[in-house]
Amino acid sequence: MALEVRIYDNDLATPTLIQDVTYRMSDLTFSTALNGGFKTCGFKISMSVEEAWNWLSREGKRGYHFNRVTIRDESILVWEGRIMDIQLVISGGDQSISVTALGYWSSCHDQFYTSTGNTNWAAGSNHFMHEIIAEILTQECPDISSDQSNLAEADVDLAGIDLSVKQYAQKRINELVKVSAADHSVYFFAIWDDRVPYLFKRNIDALDWRVWLDSFNTLRLDQSALDLRNSVIPVKGGTDGTAVDNAASLLLYPRRETRFILPTDTPDAPLEDAATMQAAEQGLPRQRQSFDISGKVYRATSTTGGRLEEVPKYLIRAGEVIRIQDLVPASVPIALDDVRTFFIMETQYNAEKDTITIQPDRRARRLTSTIVENVDLNR
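In the numbering used here, the protein residues as written are 105 to 483.
By construction, these hints were calculated from the structure, which means they are not laboratory data.
As the structure is a computational prediction, the values presented were derived from the model and not from experiment.
Fair warning: there could be bad hints in the mix.
What the hints assert, rightly or not - What follows is a list of derived Cβ distance ranges for each label pair:
hint	residue 1	residue 2	range
1	P246	D349	38 to 46 Å
2	G221	A286	29 to 37 Å
3	V269	D372	17 to 25 Å
4	S328	T120	46 to 54 Å
5	D344	D198	54 to 62 Å
6	R166	E456	26 to 34 Å
7	K275	N158	32 to 40 Å
Claimed, not checked - Mimicking PhoX-like on lysine-lysine, the simulated pairs with C-alpha atoms at most 25 Å apart in a straight line are:
hint	residue 1	residue 2
8	K148	K457
9	K457	K400
10	K275	K305
11	K148	K165
Where is the CB? At the ideal position from N, CA and C, for every residue including glycine.
Work out the full structure: start from the sequences and follow the hints.
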């Protein structure tokens with residue numbers, strides 16, 4: 105197998121390799137998601153009880169918990185995170201451990217952030233989303249890289265927002281990216297390679313991946329109206345704001361209302377921008393069925409001579425755009441059409457089967473908005 109799985113200690117500045125488990129482990133799976141970035145990773149290692157003993161926390165020793173896990177394809181980092189769950193399994197005469205690691209987005213659920221003692225975002229002006237997130241990461245997320253050059257500049261002034269109540273950094277970031285922008289774009293946040301944070305707008309101007317129908321064993325496209333909401337009431341601090349209607353949707357479908365919860369004392373203009381964005385996101389029936397790809401996947405850009413480059417499926421990440429190339433009609437331009445072109449919200453790769461499960465397109469109801477609170481460590 106091309107993938108190499110290595111375990112390091114928890115010293116992120118000068119990591120020490122503890123074990124290369126590439127040829128010992130089995131049942132490798134790993135995933136990505138938005139918000140978050142690298143999500144979960146799991147694998148099993150057969151070993152004696154005596155060896156497993158050293159993996160477990162016992163007698164004042166911490167075992168392998170919080171050690172760093174990397175998955176690489178030679179020089180390409182495919183996944184990284186920290187070990188959170190170690191399970192000793194004894195079945196008959198076989199002993200093994202089952203390891204679950206979470207991406208470093210989970211470290212944003214370690215410490216609380218409050219504006220008390222930091223910047224008072226409720227006072228003054230010119231307080232923008234990327235600046236607030238930068239301070240949250242700097243003050244309360246020591247495992248995240250100090251390289252903040254990939255935090256896209258936001259253009260909506262959030263002066264007046266109240267962040268004085270202690271909340272986990274992860275929760276605060278999830279709240280802030282709801283605020284949107286003056287052009288009503290959708291923002292996402294992720295921790296990617298080398299624990300570098302990214303704040304970015306959803307971009308669908310170009311494709312990242314192409315796939316053909318013969319790469320699917322079964323393909324189901326489920327356009328559901330269950331989540332269709334075309335009248336959005338923004339809510340801050342428990343108080344309802346003025347509803348924002350999606351006029352185009354109301355011409356086609358019944359009025360369906362929803363409340364959209366935003367941080368306390370979000371200013372009125374950003375409140376309306378966020379509600380407008382949400383009304384556009386939920387105003388049509390949306391594709392919400394995940395699908396499995398077992399065959400070939402290609403980079404969207406052509407190589408020399410016009411040939412497409414086949415790539416391993418495990419390189420596909422959340423936040424990228426994939427198109428089912430031969431699903432009719434062929435003339436559809438690049439856009440989130442809920443039929444053949446999708447923004448990827450979540451991926452799950454199974455190394456044993458060499459299959460990847462992709463969840464398009466927007467914030468499906470089953471997606472975890474946080475990693476720590478909702479993830480099942482035993483799956």
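task = Provide an ascending list of the numbers of those earlier hints which the structure does not satisfy.
result = none
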